[in-house]
Structure formats: C-alpha cells, structure tokens
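S.K.: Using the hints, put the two chains back together into the complex; each one sits in its own frame.
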Amino acid sequence: MAKFTRRSVLAGGAAIAGASLMPFAAMRPALAQARPRLVVIGGGPGGATLAKYVARDSGGAIDVTLVEPKESFTTCFHSNLYLGGVREWESINHRYDALASRYGINHARAGARAIDRNARTVTLDDGAKLDYDHLVVAPGIDLVYESVEGYTPEIAEKLPHAWLAGPQTQLLKAQLDALEDGSLIVMIAPPNPYRCPPGPYERASMMAHVLKNKGHARSRIIILDPKDSFSKQALFAEGWERSYPGMVEWQDPLMHGGIGAVDAATLTVETDLADYKAQLINVIPAQVAGAIARDAGLSNETGYCPIVADTMRSAMDENVTVLGDATIAGDMPKSAFSANSQAKVAANAVRAALTDARAFPARYTNTCWSLIDNDDAVKVGGRYEPKDDRITAVDTFVSQTGEDAQTRRRTQEENMGWYAGITADIFS
Amino acid sequence: MRPLSSQSIARPPRPGLAVLAAIALSVSGAASLSAAAEGDREYGAFLSGECVTCHQITGGYDGIPPIVGWPPETFVHAMEDYRDGARPNEVMRNIAARYSDEELAALAAYFGSIEPGSGAR
Chain A
12 MAKFTRRSVL
22 AGGAAIAGAS
32 LMPFAAMRPA
42 LAQARPRLVV
52 IGGGPGGATL
62 AKYVARDSGG
72 AIDVTLVEPK
82 ESFTTCFHSN
92 LYLGGVREWE
102 SINHRYDALA
112 SRYGINHARA
122 GARAIDRNAR
132 TVTLDDGAKL
142 DYDHLVVAPG
152 IDLVYESVEG
162 YTPEIAEKLP
172 HAWLAGPQTQ
182 LLKAQLDALE
192 DGSLIVMIAP
202 PNPYRCPPGP
212 YERASMMAHV
222 LKNKGHARSR
232 IIILDPKDSF
242 SKQALFAEGW
252 ERSYPGMVEW
262 QDPLMHGGIG
272 AVDAATLTVE
282 TDLADYKAQL
292 INVIPAQVAG
302 AIARDAGLSN
312 ETGYCPIVAD
322 TMRSAMDENV
332 TVLGDATIAG
342 DMPKSAFSAN
352 SQAKVAANAV
362 RAALTDARAF
372 PARYTNTCWS
382 LIDNDDAVKV
392 GGRYEPKDDR
402 ITAVDTFVSQ
412 TGEDAQTRRR
422 TQEENMGWYA
432 GITADIFS
Chain B
795 MRPLSSQSIA
805 RPPRPGLAVL
815 AAIALSVSGA
825 ASLSAAAEGD
835 REYGAFLSGE
845 CVTCHQITGG
855 YDGIPPIVGW
865 PPETFVHAME
875 DYRDGARPNE
885 VMRNIAARYS
895 DEELAALAAY
905 FGSIEPGSGA
915 R
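So the protein sequences, as listed, match chains A and B. Start counting the first sequence at 12; every next residue gets the next number (this note's numbering). Start counting the second sequence at 795; every next residue gets the next number (this note's numbering).
In short, the hints are calculated from the structure, not lab data. Model, not experiment: these values are computed from the prediction. Each hint should be verified, as a subset may be incorrect.
[To be verified] With the C-beta cut set under 8 Å, the calculated list includes, among others, these residues of chain B facing chain A:
(1) GLU832
(2) GLY843
(3) THR847
(4) CYS848
(5) HIS849
(6) GLN850
(7) ASP856
(8) GLY857
(9) ILE858
(10) TYR876
(11) ARG881
(12) VAL885
(13) ILE889
(14) ALA891
(15) SER894
Positions of the beta carbon are idealized from the N, C-alpha and C atoms, including for glycine.
The following block holds chain B by itself, in its conformation from the complex (with noise of 0.2 Å):
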C-alpha cells in the first residue's frame, strides 16, 4: 500500500485540477482506506488499455491530464464525478459510464502504483 501523503498527489497542470487535489488531501488526511484502495490491480491493468490510449503511463502531459501515482480514493472519486454527470467531459463520462464500483477500484489499485516518470507497470 502507497503511503497516502500529498508527495503521491500527481501536480495539478490546469487549475482545474487543483480541486480534485483539495478533495485527495481531505481523504487522505482522514487516513481512511476505503475498498477503492484494495482493487484488483491485475483487472486494473487490462482495463487500462482503455486509459492509455490518451493518458500517458508516464504520467507526461500534452494535453490530457496524467493519472498515475494517484491515491486510490482520489481516482475513484473523480470517475465517479465523471460517471454521475457532475464532470462535463463526453470522452470521461462514455467511459465512466460502464464501469462497476469494482472495476474502478481495480482501475485506482492500478494507476495508483505507478510512479511517474518510471513508465513501469
């Protein structure tokens, strides 16, 4: 398990983003490990085919926002933004859409232990 710090919160390149920094901070600082954190991450990385297309493992940025190295909680809370409709992107949501609350935490299980920058799986 990732130590659940700001140090793991992937830097924020759009403003945007700075909110959903906000929200990883509050999760972590309650230190609570929720199921999005235990997700089977074997699953998580078959079904991240889907992510990388556009989203770099790397965690580099031209144009999309990096997902890797993020806490557990704070990817599922954004997918589930996207999947509840509170987000706009279409992309985002098409792909939310259909995800289960397993497969999410799969998904965060999986993003979430790669660092960025090492481009490892």
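Same shape as in the complex, but just chain A (with noise of 0.2 Å):
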C-alpha cells in the first residue's frame, strides 16, 4: 500500500512563509523554509471540517485555502426538518467567516473547475491557479437527472428534487405549504447509493406532519421506490401507522412494476401498473460523486471514489484525500456525521504526512437521527475500523419499534443536540 509522504509533499513545496510570518517555525525547524500547502474543494461537513482541523491544530504549520463559492452553507441535514416546519430557514445557514477569522483559512470564493494530478494545481472559475502538496476533494454528491425518464436541471425547477439543500428546500417547501386538502404527492425516491439513506422516508414524514397539522385529512403521499427496502423501515412503518394512518404509502417495485416517466405539464408520474396525477412530485434521482472528482479521474465505475480505509486518501492517488459522499466509504453511509467523521481521520494523517505530528489510528462514527412527528425521532449508528483495506461496520446499533413516548422524544432531542454540535464543530 503506497502512502504519503512528508518528504514528498515538502519536495513540491513553494518556499514562501519567511520565519517572521511562522510563529511556529521555532518548534517546527523543518519547515521553516517552505509552509506546506493544502487545497480542500468543497465546504460541506467533510471539507470545511478537515480544513478547520488541519489548520487549527497545526498551529499555522500548514498553509489551507478552502476552495468553496458560497459565503454560507445549507445544511442537507435537517432541511426536512425546515420542510416540516420544525426548524427557521435561518437555521440550517451558516457561514465560513469563523474558519478565516479564527484558523487563518484562505476562503477562495470561487468553484473548483479542474484539477492537474500531474502539476498539482488546481483551477479556478476564474481561471486562478492554486498549486497543492495536498489536495482534499471533497464536493459531495450530483443529480443524474436522466436516471428519471423527463427529469432535467429546467424540470427540476418545477418538480424539485430538494437534495442538494439550498433554494430547491425552499421550492419544495413554498409547493408543499400550497397544497389544499385532498392532494396527492408523489415522491420518487433514489436507488442506493446516495446520499442520506434514510432521508427520503423522513422527508415523507415531515411532509405528512404538514399535512396533519393543516388538517388535510384527505391528501396523501406516495413513495414510489426503485429499492426492495430502505433505512430504518420497520421504524418508519410504525410511525407512520402511529401518527399518519392512511396518509403514506410506500411502494416497492413489485407494487409499482417499474417507475416510468415525469411529466411537469400535467404533474403526471407513470409506473407499470398506474398513472398518477398529483398535485405536487418531488423527484430524487441516482447520485454520483461531484463532477470535479470523476474529471479528476478519482472516481471508479460505481461513479464514486475509491478511498484507503486508514487515511481517506485517494486509492487513485496518493496526494490526493477524497472525503464524504463522493467516497466509497465501505459500511459507512453517506451523511454529514460520516463525512464529519472522515474529516478527522483524514485531518490527522494530513497532519502527520506534513508535518511531525503523531499519527493516530483510524476509527470512525455514524448516528442518523430521523424526525418522524413531533418529539418523535429514531436513530442507527455505527462505529467503523479499517478491515483489509475497507472501513468495516465493527458495532452498530438501531432503535427498537415499540419504544415508548418519552423514549423517541429524548431521541428527538438528542438530534437537535446533535445539529448544534456538529454544526458548531464544522463552522465554529
């Protein structure tokens, strides 16, 4: 198994920080010639979390643009909560100023549109060129519209999709809070894998908690599903039963015979055994992983990026970390927890390979709490340890059906805990 080095990572180095800008080279007489340089594309949980670590526990060691064109991100992660109207839009925003302010992360406001494996640069829309010693890819997930027969980015804007958080949450949303009583939604959930496995079925919850709270006792969901079961089913099943009776159906291929075509003039979905025409169709196609990683040529056949189980480094190349969704993570799911999770690992073995910090070995962690209704939530997670070469399930648990009341309501608040910790962990 190849590995990085730090010797090989300072050979690229520039030698631009003077000893009277490295307040640590003192402690670190190595590297007072030539401050080693981290790129990081992307600012979500894996990205900017392994840029704020990095740079703040490396004292200054290591110079950490973060490649990232917003100002602020919207968190996947309870935006079904903002749909159910549990959580403020302004909530779910935070912004990048404290990973500049406080960690003296170089914040480049632009997209990433391609990267150099060989020169070791990255470029910029604006056609700015950053060079790297190492470099973290780590942007995420894209829609493969075409997976749904007549979906497409300019029918997307009429049937949302909502899966990459931002003003798709809020049009789905403002369709959602429109609705009267007695329409029918129709969701379209996503084959495995993707992005947040139980996500679609607690989107269906938070959706009919909507509903319930109007009144609209006649309106209904239905989950057309491309996947035999999903996350947490027996758990959603209960709740649904429980607080939604008759309201969301889900139904698997066998039920549906096969998902057919969208139409966005007549908010028509087909399937082998019917046509249903709703009143409002949220699509959720395949996934893969972020453009700029398969350009890259990072990404295998499955579309996402094979990874080495004890760093997250790029099975394809070994200046290069890939992080979160876009991996191929092995037990691990893809959610902000294991991307978060990722960060650290990763953050350590960056460390590690340019500079003298001490290596530790790898361990991961994943919990996905799901909002079923009010105070009403359920949970799995996992604990992971690289296995021959993959990151391998070692203990992992799932909340029983039949819980009780106080039960799921101290699971809900342990969810709203968790958001104000990781968020305060990735941004603070």
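M.R.: Dropping the structure here:
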C-alpha cells in the first residue's frame, strides 16, 4: 500500500513563508523554509471540518485554502425539519467567516473547474491556479437527472429534488405549504447508493406532519421506490401508522412494476401499473460523486471514489484525499456525520504526512437521527474501523420498534443537540 | 494537573447527571489519582473528534450534555458505565464499547483539561 510522505510533499512545496510569518517555525525548524500547501475543494461537512482541524491543530504550519464559492452553507441535514416547519430557514444556514478569522484558512470564493494531478494544481472558475502539496476533494454528490425519464435540471424548477440544500429546499417547502386538502404528493425515491439513506422517508414523514397540522385528512403521499427495502423501514412504517394512518403509502418495485416518466406539464408520474396525477412531485434521482472528482479520474466504474481505509487518501493518487458522500466508504453511509468523522481521521493523516504530528489509528463513527413527528425520533448508528483495506462496521445499533414516547422524545432532544454540536464543530 | 474540587465538575443540566456529580465528589474526596488522570492528552485530542460531533467543546448545552472540565476519574467512570451497559444510551454504549482503558484515560485527560466556555484545545 502506497502512502504519502512528508518528504514527497515537501519536495513540491513552495518557499513562501519567511520565519517572521511563522510563529511556530521555532518548534518545527524543518518547516521554516516552506509551508506545505493544502487545498480543500468543497466546504461541506467533510471539507470544512478537515480545513478547520488541519489549520487549527497545525498551528499555522500548514497553509490551508478552502475552495468554496458560497459565503454560507445550507445543511442538507435537518433540511427536512425546515420542510416540516420544525426549524427556521436561518437555523440551517452557516457562514464560513470563523474558519478564516479564527483559524487563518484562506477562503477562495470560487468553484473548482479542474484538477491537474500531474502538475498538482487546481484551476478555479475565474482562471486562477492554486498549487498544492496535498489536495482534499470533498464535492458531495451530483444528481443523475436522466436516471428518471423526463427529468432535467430545468424540470427540477417545477418538480423539485431538494436533495442539494438551498433554493430547491425552499421551492419544495413553498409547494408543500400551498397544497389544499385532498392533494396527492408523489415522491420518487433514489436507488442505492445515495446521500442520507433515511432522508427520503424522514422527508415523507415531515410532509405528512405538515398535512396533518393543516387538517388535510384527505391528502396522501405515495413513495415510488426503486429499492426493495430502505433504512429504518420498520421504524418508519410503525411511525407512519401511529402518526399518519392511511396517509403515507410506500411502493416497492413489486407494487409499482417500474417507475416511468415524469411530466411537469400535467404533473403526472407513470409507472408500469398505474399513472398518478399529483399536485406535488418530488423527484430524488440517482447520484454520483461530484463532477470535479470524476473529471479528475478519482472515481471508478461506480461513479464514486475509492479510498484507502486508514487515511481516506484516494486509491488513485497518494497526493489526494477524498471525503464524504463522494467516496466509497465501505460500510459507512453517506451522511454529514460520516463526512465529519472521516475528515478528522484524514486531518490527522494529512498533518502527520505534512508535519511532524503524530499519526493515530483511524476510527470512524456515524449516527443518523430521523424525525417522524413532534418529539418522535429514531436513530441508527455504528462504529467503523479499517479491515482488509475497507472501512468495516464493528458495532452497530438501531432504535427498536415499540419504543415508548419518552424514549422517542429523548431521541429527538439528542437529534437537536447533535445538530448544534456538529455545526459548531464544522463552522465555529 | 487540575485540582480535583467541586468547582471543576460540570454543572449537571439534568437530574440524571446529579448522580455523576456525586460520584465525582466522592472520588475527588478520596484524593486518589488513578492512571486515568495521566492519560495521553494528545491521543485524547485525536480521539475527541468522535465526541465533539455531538458534545460541544465550549461546554454548551443544546440537548446533549457537556463533557468538558470533568475530573478524569468522573469521565472514566461514566464511560465505563456505558461500556459495561450500566447506562442505557445506545449511541454512548456503542461509542464506549471499543475504547480501551488507555483510550478512556487519554480522553479523560484531554476533556478534563478544557475549561468550560473557553473553546480552547
């Protein structure tokens, strides 16, 4: 197994930082002549966490640039709670200011257009080029619009996916809030693997929550799923029966026979066994790693990026690390929690490679909470370690069906506490 | 080494933690400095990455209890209770199950060194 080394990194380093700019140079004399340059593409839970941890823990010994066009980040996690009226819009938006002001991270307000792995450069939208000694690629997912017949980025302005948080999330909420009693909502769920496995089903729960609160007893939600089963299925089924009896219907391929075309003009979804005329259609298409990672040759035939399990380094390039939803992370689901966990392992590995920092053995964690109704949440989680060069689950747990109301309320308290914790961990 | 006094115990936000505080007082009263107090703080700082996804490093409370500024013995006792199954939360049982005594000591040394409200490392 190849590994990236401090020597190989420093060989490409630029002699930019003088001792006067290097308050920690005295502690690390080897670095006095060249501050290794780390470029991070993508300011989500993977990229922003890694940038913060490397900048903070290296005490200025590594030059960190975060390439992210936005000035603030809308979290996909808890965007379903915004949809359900449980959270305000502002509460799921987080500015990047502290990453620059507290940790000295350079925030390049641009998108990354191309990576040249031979020259070790990243070209930005505005044409500027950044040299790197090590590169972190954390672009999240791209949607494969054509995986659903008739669906395009333009059609998404009428039939929102809302799977990349932002204006799409607000569009879906506006459509949901405008519905009248007796409406039909059709959601097309994505095939595996995709961002946030319980997400579509939490979303259906939050939609039902809104309909129920408005007294829309005649409205219905149909989920058309290309999968035979889904995350926390028994828990969602139980929760829907308890909170929204008769309102949410899940159809697997045996029930719908195959998902056909969507038509934005008539708000119709075709399946092999029936056509549905809906008032709201939410299409969540298939997904792949963000284009910048695929274009740089960091993905394989799956559309996602293979990594080395003990460092999150790309299996394709020892000078590149890939994080989060864009990766093939073994047993870990694609979630913000996973990306944040991977970022801390990778931050340690990057520091150990670029400086004299100690390297510690990788260990990963994930927990996903899902809200079904007010004060009614369930969770699933696990611990993961590298085994045979694959991130492998070593312990897992899931909420039990039949849990009492107090347990489910406490799980929701934990869910809200986790959100406050992880967003502080990433952005402040 | 931080002095072990009631001043250094995180204020329990919920009644359940009052038990913890009582344990902490009895331990600190005995003035016994176990190996838990001598953990590898730097290793603990790395391991803490798993904790601070939920538990805020500032000691802030938004539904998940703060864990900074505890006497190391208190921290280790609580984690041992999760590891042994004496405490019920599945997330914490799952987290604690894989930690060795050395790792618990490292975590205790790290979190014990953080002043609530400082946000420092």
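S.K.: Hints first: check each against the structure and report whether it holds.
M.R.: Each hint, compared with the structure:
The interface hint given for B/GLU832 is violated, since its Cβ lies 18 Å from the closest Cβ of chain A, which is over the 8 Å cut-off. Given hint, B/GLY843 at the interface with chain A, holds; its Cβ is 3 Å from that chain's nearest Cβ, closer than 8 Å. Proximity of B/THR847 to chain A holds as hinted, the smallest CB-CB distance being about 5 Å (cut-off 8 Å). A least Cβ separation of about 4 Å between B/CYS848 and chain A falls short of the 8 Å threshold, and the interface hint therefore holds.
Annotation: B/HIS849 was flagged as interfacial toward chain A, and the flag holds, the nearest CB pair being 6 Å apart, inside 8 Å. With a cut of 8 Å, the hint placing B/GLN850 at the interface with chain A holds, because the nearest CB-to-CB distance is about 5 Å. Hint on B/ASP856 holds. Least Cβ distance to chain A is approximately 4 Å, under the 8 Å limit. Restraint check, B/GLY857 versus chain A: the minimum CB separation of about 3 Å is within 8 Å; hint holds.
The interface hint given for B/ILE858 holds, since its Cβ lies 3 Å from the closest Cβ of chain A, which is under the 8 Å cut-off. With a least beta-carbon distance of about 12 Å to chain A, the hint placing B/TYR876 at the interface is violated under the 8 Å criterion. For the restraint placing B/ARG881 at the interface with chain A, the shortest Cβ-Cβ distance is roughly 13 Å, beyond the 8 Å limit, so the hint is violated. At a threshold of 8 Å, the smallest CB-CB gap from B/VAL885 to chain A is about 5 Å, leaving the interface hint in force.
The restraint placing B/ILE889 at the interface with chain A holds, with a minimum CB-CB distance near 7 Å, inside the 8 Å limit. Nearest Cβ of chain A to the Cβ of B/ALA891: about 5 Å, under the 8 Å cut. The hint holds. At about 11 Å, the closest approach between the beta carbon of B/SER894 and any beta carbon in chain A exceeds 8 Å, and the interface hint on this residue is violated.
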